[in-house]
Structures are given as C-alpha cells and as structure tokens.
Amino acid sequence: MRREPPQTLGDYAPLLFPAAMLTIFFVVPFGTMIAVSFFQRQQGGFYTPAFVFDNYARFLSAFFGGVLGFSLLLAITVAICCVVLALPFTYMLTRMGRKVQVLWLVALLSILSLSEVIIGFAWSTLFSRTAGITNILVALGVMSEAKALTPSFGAVLTGMVYQAFPYTVLVLFPALVRLDPTLTEAARTLGASPLKAFFTVVVPALRNTITATLIMVFIFALGSYLLPQLLGRPQHWTLSVLITDQAIYQSNMPFAAAMAVFLVLVTLGLVALTVIAGRKGEAA
Amino acid sequence: MITTSIKRRTLLGAGLAGASMLAMPSVLRAQDKSLKVGVYGGYFKTSFDKNIFPEFTKATGIAVESIAEPTGEAWLVQLEQAARAGQAPADVSMMSQVAMLKGQSTELWTPIDMAKIKNGSNLIDRFINKYPDGRVAGIGAVSWYITLVTNTDVFKEAPTSWAAFWDPANADKLGLLALVSNSFLLEVTAKTYFGGTNALDTEEGILKVFEKLAEVKPNVRLWYRDEAQFEQSLKSGEIPMGQYYHDVTGLAAADGNPVRSTFPKEGGIQDSGCWALSRASQKSEEAHIFIDYMCQPSIQATLSRKVGTSPTVRREVTDLTDKEFAAVSSDIEPIVPRYDLYQSKSDWLNQKWTELIVG
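As you go down the protein sequences, you meet chains U and C in turn.
Residue 218 in the working numbering sits at position 218 of the first sequence, and the numbers go up by one each step.
If you count the second sequence from 1, you need to add 1000 to reach the working numbering.
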C-alpha cells in the first residue's frame, strides 16, 4: 500500500466531519471553560463576565497543592500498577491459542461495559465488614474476625486499577501480537532464560509502547471522580471531586473552571516532559 | 410541516388570548382562574398532584398547573432571569431557605399581604420568611427533619444526644453528609457544645466550632453525597450511626429494617421550603388564595400523612394523633440552620469545611 499526500481540496473532505465534531464538542467547550475561569464570582449569586485572576489565586495554596499532588500521585500509581500487571499478562495471552485469546478479550471487554458506579458499589460490598471477602478468610480460619477494608487508599487503588486494566491490555495487545517472535527465540538460543529474555529483549523492544500506555492510563485515571468517593476517605478525594463540589453544589463556576484548566495544564506539562525524556533516551 | 403549522396556530391563539386578558382583566377573573405552582420534581410533585392540587381546585375553582422544578439553585437562577424579561415560569414556587435569601437580594419575591392569609395565625413564627424591612417574602410550605439515626442491631439502646458523634467508642462508625450547606453540622456542634447557634455569629466563633467539629473526624467512616450509599450501609450495619432524614428512616424501619431515628435532646435539624411569589407574576390574587389554603391545619395534616413532611403550623391546631405526629416531627425544640451564613459567608465556610474534612 502506498500513501500519497492529499493533492486537492477534495482529498481533505473526509477530515471535515471529525474536525467539525472536534471543534464543536471539544474546542468550543474548552474555550468557554477558559473564559469562565477568569469571570468574577458573585457570592450569594452566580457570576459576571470579567477578567480577574482571583480564581487562580485561590487555587494557589498549600491545601489545593496537596490535593493536586495526591491526584497526580494516585494516577501515576494506577498507571504503573496497570502496566506492571498487564504487560506480562498480555505477553502470555499473545502466546496462547486463538480461542483462549478471544475468550479473555471478551471477558475484558465486558468489564468495560460496566459503569464506574457499578464497579464502585461492587468493590465497596466486597471490601465491607458485613458481606466482604474477609468473611471468607474468617471461614477458612485465616483471620479471626471480619473487618472492613474500605475506605482506604488500597481500596481506591484496587478499584481504579480494576477499571483501567482492560484498557491497558487492549492498548498493549496489538503491539505484543506484532512483536517478532524470532527476537525471543534468538535470545533463547543464545542461552537466556524465558524470564531474562522477557526483561532484556521484549521490554526494551516495547519501550515506546509502554510509555504511551503509561501516559494513556495516567490521563484516564486522573479524571476519576466516583471511585475515590465511594472507596476512599476524604483525604483520598481527587481534584475532580472538589471541582464537582464547586460547580454543582456551590454554583461557583469560575473557580471550578480555574481548577479544571490548571489540572489540564499540569497534565499536558507532565505528558510533554515524558515524551521529551523518552526522545532524549532514544538519542543517547 | 403539519406540527409547525399547528404550533404557530396555537401560538397565535395564545397571543390573542393573552392580549384579551390584558384588555379585560375582569373577564379573566370571572372565567379563567389558574395558577402555575412550582414544586420539587419527582416524589414531591407526584404527591402534590395526587393529594393536594385536585382538592384545591375543587375548593376554590382555581386550576393548578404544577411545574417540576429542580432542587438547588438552578430554579432560582431561571426565575430571576425570566423575571428580568417580565416572565414567570411559575407564579408560586417552593423555595429553599438559602434561595429565599438570595432572591430577596434582587427583590424577586412579591411581598405577601398577611391580611389576605387568614390562616397565617396558625403558622409557627420561624416559617414566615421576611425581608430585612419586615415585609413578608415567603410562607412556610413544608418542613422536614434530619436526625440522629442508628442501626438497632449494633446499638441496642438509642443514643440521646448528638454528643454520641464525639464518643471515642464510636470510632469509624459514622456516616455524615459531606457538604457544609446540607449537613448543618456547624449548627449541631454549636447547639450541643456552645449553647446555641448564636455561637456562629462571628468568624472567631465559627472557627471555635470548626475546631470542636474536627474532633469528630476519627469517628467518621463515610462522608456521603449520595443518600443511597449511606442508607444501604445503615441498614446492613456496616455504618451503624449517622445523620439522615427522619421521614425516610421511618419508612425503612416500617419495612422491617433494623434502623431507628432519634430526636436528640438538643433537637433534630429542621430544614424547610417556602412558598414564594415571583415579582413577574400577574396572579397575585390567586397566589394569596393558594398560600392561605396551604396554611390550613387540615391541609398541613394531610401533607404529614401523605407526603411525610412536618407541619409548618402549630401542632395544637392540627388533628394529628401522637403517633402520626411522631412519624414526622417532635415536640423537642429543633435546631434551625443558620441560612444567613450560607449566603453571606458561603465561599469562606466552604473552604474551611473542605480543609477540615479533606485535610
């Protein structure tokens, strides 16, 4: 297949529809949000158009810095956990027969069809004292007394990893399927153990894919809003939870918008840093 | 095509009717009496449509068109913007106390003439919402309680005071509402430990109350926004104590769940909604008749029996039995929220509150 650059205006036509959609449903709302973030908040009312930095100034405090830091840390932890779990899993999956692969992928896809609410309530039941998994451990004699595992950081992390895991596998799968099997075979003939071959050949060969997956899961996890509320304590609430509080319950749109803009900027900055670091590593 | 032409024709007809109404107000009064009433959508609207409005039309000849209004402040914003354009999406609306105060600041509410509200003498004083200069902005429509609730399997004895929240024995057992403006825990703390909600008059006072409230944190397992989340945990005993709505808890207990609602000796938290008349409404006459009708003891009793709300009129004037009254209310003096604070200091309170529970 040969790819030719588009020659005439007509060649660009297929792009028009997605471009229009992107403008209407992403660029315009995002622009509105940026505009609102500079508006003047009317306490005991709504807001008035203006150009003030109050909303950003309020955000720049140790308190919100802490919440932002926690949100980023949580998202990074989820991304790392997902990739560490999904990489060996997907690698083994690609080595299995077609039927087994299809079965696994269908199971994973069905998790994607569950809403965040269902996942959250299901895990909060599984982690509860009255009906949770600790009751099984008590029945087996491992534990002496059933106890609640939620709310805790572990519960939030488990829920979020569970939710992001299928995405991670689906992103890694194509790259791992395309991976040339002769690479590992060569490593094996040269005397490497399967484990060593995986870490010294497969992982480095997939470095770019792994970075891209980490970034994708990170961004996915950063927007999480419901699971930290259902499974965590208030100190585990992400910035998204506070943004919702301001927008819906305090009707303070300007402040909510300012927080959202800040979150987007920090995220973009982190992603850019990762990409730059990756390029440098490649050049060296 | 057909639908648009019909629409246009209806519109023309409506316009004509509107013009004639303006031209002949006396004819209007004689022929067509109607009133648009805004009530919270869902359970409230259904109950009012079924139990209250048909009887009102039968008694007064005024037809009621009920409008489902969203809770929170969205409806206030819509009424305000419509009033600026001279429109009233509803003549009379049920409004929360904070929304009443915000509406007062823009003179959104037509003052109510108490001379026309014959049944007004039945009302409990705090349910008459007044402008700072004494004009009446709204009249209590319904009220409800947030009380101390417990799981009866875990707590064999009912607690008697809000102080139970502070008891170290209840570590990690509480479910509390997550927002400063709907949990009213500042008022509860002030009444329980500082002699009353007057302790919240100054910022120093509020900070002291916050400090005391912070001691509750280790006991709280769940700060909930979603009622279903807490109700389920309360029933199962997973989270055996907390604050919740008296009426819903009563219904759950009646269904056989091991839960109970207690009015602590400091009083339950009483929240309420007001009837208020938009300044853009042309139906002042009908609105006064409606509000007067709703203040009748018998109607308030019907609301208690059918909708589960607490009466806004004095108990003696109603025919509620002890059992019926206990199902919706209590004789213990309630804790009345300091709504003024949520208007004048809302951002400051919200910031301090978030720092308290998240920090």
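To be clear, the hints were calculated from the coordinates, so they are not data collected in a lab.
Some hints could be false.
Said to hold, decoys possible - Covered by chain C, according to a simulated footprint, are these stretches of chain U (three or more residues, beta-carbon under 8 Å): (1) 127-139; (2) 248-259.
Said to hold, decoys possible - Pulled a few chain C residues facing chain U out of the computed Cβ check, cut under 10 Å: (3) Pro1168; (4) Ala1171; (5) Asn1219; (6) Leu1222; (7) Asp1226; (8) Glu1238; (9) Ser1298; (10) Val1317; (11) Thr1354.
Keep in mind the model is a prediction, meaning the values are calculated, not measured.
Glycine is no exception: its CB is placed at the ideal position from the N, C-alpha and C atoms.
Quick rundown of the hints versus the structure:
1. 127-139: holds (count 4)
2. 248-259: holds (count 5)
3. Pro1168: violated (18 Å)
4. Ala1171: violated (12 Å)
5. Asn1219: violated (12 Å)
6. Leu1222: holds (7 Å)
7. Asp1226: holds (8 Å)
8. Glu1238: holds (5 Å)
9. Ser1298: violated (37 Å)
10. Val1317: At 35 Å from the nearest chain U Cβ, C/Val1317 fails the 10 Å test, so the hint is violated.
11. Thr1354: It holds, given that the least Cβ distance between C/Thr1354 and chain U is near 7 Å, below 10 Å.
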